[in-house]
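> Build out the structure end to end from the sequences listed, making use of the hints.
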Amino acid sequence: MTQASGLNVPGTYLFDGDMAMKGYALNKMCFSFNDAANRQAFAADEAGYCWRYGLNDEQSRVVRERDVLGLLAAGGNVYYLAKFAGILGLDVQDLGAAQTGMSKEAFKQMLLEAGK
Amino acid sequence: MTQASGLNVPGTYLFDGDMAMKGYALNKMCFSFNDAANRQAFAADEAGYCWRYGLNDEQSRVVRERDVLGLLAAGGNVYYLAKFAGILGLDVQDLGAAQTGMSKEAFKQMLLEAGK
Amino acid sequence: MAKIVGGITTSHVPAIGRAIAQNLQQDPYWKPFFDGFPPVQKWLDEVKPDVAIVIYNDHGLNFFLDKLPTFAVGAAAQYHNADEGWGIPTLPPFTGDAALSWQLINSLVADEFDITSCQEMLVDHAFSLPLKLLWPEHDSPPLRTIPVCINTVQYPLPSAARCYKLGEAIARAVTSWPEELKVVVIGSGGLSHQLDGERAGFINKAFDLQFMDSLTAAPKWATQYRNEELVEQTGTQGVELLMWLTTRAALPGEVVELHRNYHIPISNTAAGMMLFECR
Amino acid sequence: MAKIVGGITTSHVPAIGRAIAQNLQQDPYWKPFFDGFPPVQKWLDEVKPDVAIVIYNDHGLNFFLDKLPTFAVGAAAQYHNADEGWGIPTLPPFTGDAALSWQLINSLVADEFDITSCQEMLVDHAFSLPLKLLWPEHDSPPLRTIPVCINTVQYPLPSAARCYKLGEAIARAVTSWPEELKVVVIGSGGLSHQLDGERAGFINKAFDLQFMDSLTAAPKWATQYRNEELVEQTGTQGVELLMWLTTRAALPGEVVELHRNYHIPISNTAAGMMLFECR
Ligand SMILES: [Fe+3]
Ligand SMILES: [Fe+3]
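Read top to bottom, the protein sequences are chains A, B, C and D. Per our numbering: the first sequence = residues 1 to 116. Per our numbering: the second sequence = residues 1001 to 1116. Per our numbering: the third sequence = residues 2001 to 2279. Per our numbering: the fourth sequence = residues 3001 to 3279.
What the hints contain is simulated information worked out from the structure, not anything from laboratory work. Since we're looking at a predicted model, the values are computed, not measured. All C-beta atoms in this analysis are idealised placements derived from N, C-alpha and C, irrespective of residue type, glycine included. Be aware that a few hints might be false.
[Claimed, not checked] List of simulated lysine-lysine pairs, DSS-like, C-alpha gap at most 30 Å: (1) K2220(C) <-> K2182(C); (2) K108(A) <-> K3132(D); (3) K108(A) <-> K3031(D).
[To be verified] Derived DEER-like restraints, expressed as beta-carbon distance ranges: (4) R1064(B) <-> K2182(C): 49 to 55 Å; (5) E3137(D) <-> P1010(B): 49 to 55 Å; (6) H3080(D) <-> N56(A): 33 to 39 Å; (7) P3252(D) <-> G1101(B): 50 to 56 Å; (8) R2279(C) <-> Q1109(B): 39 to 45 Å; (9) L2209(C) <-> S3176(D): 34 to 40 Å; (10) V3047(D) <-> S2176(C): 48 to 54 Å; (11) D94(A) <-> R1061(B): 53 to 59 Å; (12) Q2078(C) <-> N3023(D): 35 to 41 Å; (13) E2168(C) <-> E3229(D): 25 to 31 Å; (14) E2229(C) <-> N1056(B): 30 to 36 Å; (15) A2082(C) <-> D1067(B): 53 to 59 Å.
So this is what it looks like as structure tokens:
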């Protein structure tokens, strides 16, 4: 996917101005998860929390479905999404597996291979 | 007065790092006055409000005494102090008169003279 | 391609807002100030710019000392005004131009300006008053706006020379943008005034006039001065003339002065206004 | 005069904090990573620097997209750690050196770096983990610290060339400071890794090793690359190697590599570490 930034690396997206505009509400919500009280409020009422932060339908959907690639495509920034992943109890290898379509074991094996 | 900045103009102070360190609590309090609820809280309990913002004795004193030059010397920044002046109902010519030791009329006359 | 059609520089003080609210434009105290604007309003009415880049300094509304940028650029779809501490009624929101904002930010960072980008930003009287003075009939100005904020709150401020380079880089960013747009640059600040210290009330007419002349005859003239020297010459808040200098530097090509006004005092301030057209 | 005694670069990932908390340093998975540090700890114990300038990238703790600086410099007496969203216990505060912070800010702005100054600043794992790795016996490291934060969250990021110039300017700022101080520069980030997208898990050992070699043999080597090229070579988060490059650029005079470590993987990351001494 080619971006404003001119990057053309498969499976790799840069969070540039276009994405920043698209994802502002979603990222603002994820930024709020730095605060434990906000994490609890989200857990207690996901739909209401998304609504209060003004997420659009697509953003609400990918949040609801824990769709990692969808969250990125909807303008989510990896640094803020990491806080959402924390709520879900997912580590970076879970996320890697989900995005690559691998099993977690296969994903970890791929990382080990990179060291050889 | 010579400052870190190297300025040496009588009656003129630059808000540089030294002043910024000195005045942080005072300026943070004045910044809070952007919010009407905070202005009311200050009016209702000045001493408590200063204490909550961690003002030191000198800063609390110059706030209590509405000592404009003292507020500057205590690290107050003119842009934030302007919000405190607003609470007191003072305009910039009142402040000018207070700092120069002139009457307000004489201060305004001086400004008019500068235009000639 | 986007074109910079001209630049407008003006003083700002909160009292202007009160004078407008009270309809004092014809009051003897205010008339010499407000009379400066009709020719510029007329020019804007003819030129009809699509976007205004407003170069101003925040007075402690959007930025505090916990995160104080040297240069900040707005990148929002809308900018809101807010209570600055005096309880003055807030204004309707200003429409942004996020696409051109990002062009500015991308181009400026590529040119090694270390911008703070702001996808949300409260704008104060220094941003709103020039727009009200230039489009008095409109609650919100009839064009898109982009705030560019320069630190005058806390030293070190960027030097006059650095601000000049910023203006030149803004011109490069705009004129390389493919959209067909007419862009006006507005500089809000100065001229000589000092609010704080025993020298409060200091005004320097001779320097102000020399500075205004320089913007037409030799635009880089003021870059010879360190900020401490500008404070000595123009007062602690007179250094806001950096907004004028940046604005002038953002005007490419042949630049003609079409109009100016200068009056002392409004509030504690020497009030200036200039209109430049790019030919 | 203040002297820069050396530089230390290291990777950071939140999982390191968990490994420390659970005492996994001798665990087979973690041992090759933690084994890199004792020689550096010994060097620090001998050199005993007074101040650490920590060059790192914030991961969405202190800065949000409403006010996102390219370069931010802390100017506080203390820096607090805080919950980054995972509920990990927060650390005791880190002691600052506000006087040297202001020297940095004054000098950098004079050198036309458009710094955002921060008199309050929350510091995240990228700041705290290197200090914990270097001074494992101390709850809070036994020296003063100054955070220098570089934007890697939102493009445009500053270029490698700009970061290199920032490092050189930091060196000028420190070495012109009259106080008798030993300053160590710590760079926290990288090496190759990618957390997001279908290419998640990307690691590039060959490039990492070439980059590490370059810091000793030809420090400016990486400045030839645009950030998009660095992302292609090292992954979306591999671009955090800008912290290493800035750190290396901040080391004046003759620089000797005393130690290095490189191990794949910790978490999703190629973990590197280098120690440079200024002679
Ligand atoms: Fe002003
Ligand atoms: Fe990181």
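> All hints, please: hold or fail.
Okay, the hints, checked on the actual structure:
Distance hint between K2220(C) and K2182(C) is fulfilled; the C-alpha atoms sit about 25 Å from each other, no more than 30 Å. This hinted pair checks out: K108(A) and K3132(D) have alpha carbons roughly 26 Å apart, not beyond 30 Å. Our distance criterion of 30 Å between C-alpha atoms is met by K108(A) and K3031(D), whose separation comes to about 17 Å. Checked against the hint of 49 to 55 Å, the pair R1064(B) and K2182(C) passes, with Cβ atoms roughly 54 Å apart.
Here the CB-CB span from E3137(D) to P1010(B) is close to 54 Å, well matched to the stated 49 to 55 Å. Distance hint check: the CB atoms of H3080(D) and N56(A) are about 35 Å apart, consistent with the given range 33 to 39 Å. Under the hint 50 to 56 Å, the C-beta atoms of P3252(D) and G1101(B), about 51 Å apart, fit the expected range. Between R2279(C) and Q1109(B) the Cβ separation comes to about 44 Å, which falls inside the hinted range of 39 to 45 Å.
Look at L2209(C) against S3176(D): about 39 Å separates their beta carbons, and that is inside 34 to 40 Å. A hinted range of 48 to 54 Å holds for the C-beta pair V3047(D) and S2176(C), which are about 49 Å apart. Checked against the hint of 53 to 59 Å, the C-beta distance between D94(A) and R1061(B) comes to roughly 58 Å, which is consistent with it. For Q2078(C) and N3023(D), the Cβ-Cβ distance of about 52 Å falls outside the hinted range of 35 to 41 Å, so the restraint is violated.
Roughly 28 Å separates the CB atoms of E2168(C) and E3229(D), a value that falls within the hinted 25 to 31 Å. A C-beta distance of roughly 33 Å is found between E2229(C) and N1056(B), which places it inside the suggested range of 30 to 36 Å. A hinted range of 53 to 59 Å is violated for the C-beta pair A2082(C) and D1067(B), which are about 29 Å apart.
Violation of the numbered hints given earlier is confined to hints 12 and 15; the remaining hints are satisfied by the structure.
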